[in-house]
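Student: Place chains Y, D and L on chain V using the hints.
Each protein sequence line maps, in turn, to chains V, Y, D and L.
Number 132 in the UniProt record's numbering belongs to position 132 of the first sequence; there are no gaps in the numbering.
Number 69 in the UniProt record's numbering belongs to position 69 of the second sequence; there are no gaps in the numbering.
Number 131 in the UniProt record's numbering belongs to position 131 of the third sequence; there are no gaps in the numbering.
Number 250 in the UniProt record's numbering belongs to position 250 of the fourth sequence; there are no gaps in the numbering.
Keep in mind that the hints are not guaranteed to be accurate.
Remember, identical chains collapse to one label, so a pair may be satisfied in a single copy or spanning two.
[Stated by the list, open to error] With a straight-line cut-off of 20 Å between C-alpha atoms, the simulated SDA-like cross-links for lysine to any residue are:
| # | residue 1 | residue 2 |
| --- | --- | --- |
| 1 | Lys-107 | Lys-148 |
| 2 | Lys-52 | Met-1 |
| 3 | Lys-270 | Gly-27 |
| 4 | Lys-80 | Gly-130 |
Read the hints as simulated data drawn from the structure, not as lab findings.
Model, not experiment: these values are computed from the prediction.
There are 4 protein chains.
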Amino acid sequence: MLRGLTSAGLGKVENDEQLIKLASQYGFQAVDVDALGLVERHGVEGARELLKSHNVVIGSIGLPVDWRNTDENFQQGLTKLTQAAAAAASLGCTSCCTYVLPATDYKAAHFMALATRRIRICAQILGAYGIRLGLEFVGPHHLRTAWKNPFIWTLQETLDWIDAIGEPNVGLLFDSYHWYTNELTIADIEALRADQIVHVHINDAPDVPVSEAMDGGRIYPGEGVIDLGGFLRALHKIGYQGAVSQEILAPAPTDSPEQLAQRSKAGFDKVFQAADL
Amino acid sequence: MLRGLTSAGLGKVENDEQLIKLASQYGFQAVDVDALGLVERHGVEGARELLKSHNVVIGSIGLPVDWRNTDENFQQGLTKLTQAAAAAASLGCTSCCTYVLPATDYKAAHFMALATRRIRICAQILGAYGIRLGLEFVGPHHLRTAWKNPFIWTLQETLDWIDAIGEPNVGLLFDSYHWYTNELTIADIEALRADQIVHVHINDAPDVPVSEAMDGGRIYPGEGVIDLGGFLRALHKIGYQGAVSQEILAPAPTDSPEQLAQRSKAGFDKVFQAADL
Amino acid sequence: MLRGLTSAGLGKVENDEQLIKLASQYGFQAVDVDALGLVERHGVEGARELLKSHNVVIGSIGLPVDWRNTDENFQQGLTKLTQAAAAAASLGCTSCCTYVLPATDYKAAHFMALATRRIRICAQILGAYGIRLGLEFVGPHHLRTAWKNPFIWTLQETLDWIDAIGEPNVGLLFDSYHWYTNELTIADIEALRADQIVHVHINDAPDVPVSEAMDGGRIYPGEGVIDLGGFLRALHKIGYQGAVSQEILAPAPTDSPEQLAQRSKAGFDKVFQAADL
Amino acid sequence: MLRGLTSAGLGKVENDEQLIKLASQYGFQAVDVDALGLVERHGVEGARELLKSHNVVIGSIGLPVDWRNTDENFQQGLTKLTQAAAAAASLGCTSCCTYVLPATDYKAAHFMALATRRIRICAQILGAYGIRLGLEFVGPHHLRTAWKNPFIWTLQETLDWIDAIGEPNVGLLFDSYHWYTNELTIADIEALRADQIVHVHINDAPDVPVSEAMDGGRIYPGEGVIDLGGFLRALHKIGYQGAVSQEILAPAPTDSPEQLAQRSKAGFDKVFQAADL
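For reference, chain V alone in the conformation it holds in the complex:
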């Protein structure tokens, strides 16, 4: 597995170039960045060289399409998607991710039908470039009632949705925080096949009741109560070999990006050691 960073949790990171530098400096092997932006600023060769010279690969890009609202919004994102996919593929990245909110203001069944079609189209486009699409189920309890109607938030629901989408290149973005807030177990991970997982996020949770863990209240790996050693060990056991990227959604920290990257490194060291990895 590759240790990965996103900019979430590193404070005021200026841009993806700084993120790449920090990742490299603190022993990370992957970064979740905007591949298209890199290519636009450096060209394909320049961006490849930038990544290579820092010994990092791209863990995943974000899905640049609004599939949660109107058809017009959705259509407007598709050109960007083809460009982002081409850029990602040119830099060797084979993963693109999006999150699934656990509730919606739309009528839930109808929105599921709309979302199924839209995500299938995104998956087909990504597949043309050899890229897989990871869907992130979102566990924090407070979000389940943050919009009018419950949508989906469990692992099983998400797997069933992936079956409904029906494309070979769609899988999970598996985040330890959502694993924890869904009160899933090691056995739930071990029941998966590695190829069902497109990307992994790692975060820790504060010592509050599970039902009170806030989506924006995440903490650094190793500093909280989630069994991240067990989490990583199970992923390793089923053969997952991709990136495991930290994504600390939390109030803005005051420390410098360097201090926060160092703190992240210490956290990764701790939990990877706990996993015997």
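Tutor: Okay, now just chains Y, D and L, sitting in the frame of chain V:
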């Protein structure tokens, strides 16, 4: 368009053979029957001859698969589906239909994902035999709250679901009663293409507020308040040429099947005349 | 049906603006143009106004993707496709077409697999914008051996391929010249459903043996030996209501575009009259 | 990986019950049998007990559908497929396989279109029961010209076809004999993901030029020239954990099934040892 009968509304019809005889006797050209049962009792040649000698074709068969509950239930119906599809195809029938309840005890979004996958599999199997699958949206208001969670019941929701299923041989079962209880217009029909409609049901509604029209309170065409002339004219205008089958879901009538078939004929005469057909 | 023009057969037409003017002037109701180009030059509102003020609609756009060679070529076209589809949709066009060469230098079965996947992706993208994709089978005999291996050229093969692609928005571009060079009949058209036809081309053939009719040797409707009255009558009978566009692939004529448009009009008048349309 | 047996190579094995007994007796953990036959003869519980008491699982069942000829043939197999899939699933088997002949008497591109649609339908049906479908590419050179037109036989062609089929549960049946006769390398295996492989066959080849290795001239693992140690090591390296089943297509041997099972065991011991497994 072909005038069609189902056994619903004809009282104590003994079997499909009697339905075929009644249809023939009262000038109907199509019957909605169990094709597999006919083939099992008469053989393919015998069943063909039975239909031909009565000048009727099969309008549609019902989908013999429980896609509304567990995966086990669903799986158990697939063998029957292949047999029913083969029988229907052997008798020249190219339509199979199922209805969509407007509410569900399952979590709506999750059930939509499950249903999408299951209906797609059914559609693929039917497609192997050249048969289309019609989905019937169900309008009566009281059913929308008859189970815990709202599912889908409008024309647009159903069209969007058909898009999500994504198979070329899936379309609508369009029932005048659901058109009426959804308070749709002639223009809504005219906005459809004929190929989006797999099968049509025709029924009338009593003179009660729309929101109080009960699913099991349907009446004979021409005896109620629905503009069935406009309904048929619009279907004709967009080029629909298939069967239009009566399906009177209502308390058991005491009249004989012959009397009820005669009454149905009178109703069809009236509304087809109103449509200038 | 709408009478339509492409620039093929009109000599030195300067641009789509001139084509629109000529179409309007000589009583045509549709033009096959580059929707994206129009939008780029006039804006969406300007392009709409241009079409509207000339009383023409867009019959179809061409598929701006090279699906016949490498994966790289294919990928490079997808951004253009999203842009072209958005432009076409904004101008009310719901049809996009591509032709299928009857032979290939690639191994035929392998190329069919590659082409199936690529065309499915194109269809999904077009479907996101409400646009259908028409596949044009190509009949002239000399092309069947113009590359190393036979591919597909018959109506039935193309329908079977459309089934293999499996997307609801894929159908035929039906060209009278390929109907003729495949030696198909009126009955073959009448066996189709209107919704299987996305777009129609109309051309005539010189009085040479069918097997010697060259792809680039087409002549104006009504000036040759194809039963275009029967062709149009059959299309009308099955309910086709879209555009019928002339596409005279032939050596460059010396007459002016105006003269050629007038000649085209005379041809359309003749064959539509022969079809009682 | 599980050591597996098929009846091919064991001489006059009477039935699957004897195959199960032999497998158990000689240290094999998997058998490729007719799951439906077992269930029909023993009931689900009896068949489960039979397998369990012999410490074997089912490696794979064969696809009981003729997808290589007419649509009628194909349709007739689908009922059997639903039954076979239900039986296999009830016994814990999640794999079903079919082979792909490298040539065809049909026009190759058209047959590819037909086969794509048919295999997709089979995959959908199998998927309803949680079963994957493995496609076996077939390498022996003499078969490439055994029918009129070349079809597909390489690994890459088969992977591209799997993409064209587009279902998540379709992968490869990877046979060492076809790997060898295609002159593929260890690196070609290492470039695959484990989830792309549904099932594995293992056979050895005699010491003749590769182009002269006959499909029906296979020999026991470890007795020939294929680098089966490298083959197994590469599969292990990419994480393949399923069955590896011997399938010796060869003239009928005169030894008893017991002698041949013992010989097979010796061969497996040798090549698994060579692979350090």
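Student: Confirm or reject each hint.
Tutor: Quick rundown of the hints versus the structure:
Within a single copy, Lys-107 and Lys-148 get their C-alpha atoms as close as 9 Å, and across copies as close as 14 Å, so both meet the 20 Å cut-off. With identical chains, the CA atoms of Lys-52 and Met-1 are at most 20 Å apart within one copy only, with a shortest distance of 18 Å there and 36 Å across copies. For the homomeric pair Lys-270 and Gly-27, the shortest alpha-carbon distance inside one copy (14 Å) is at most 20 Å, but the shortest distance between copies (43 Å) is not. Taking the closest pair of Cα atoms, Lys-80 and Gly-130 come within 20 Å of each other both inside a single copy (17 Å) and across two copies (19 Å).
Against the hints set out earlier in the document, no violation occurs for any number.
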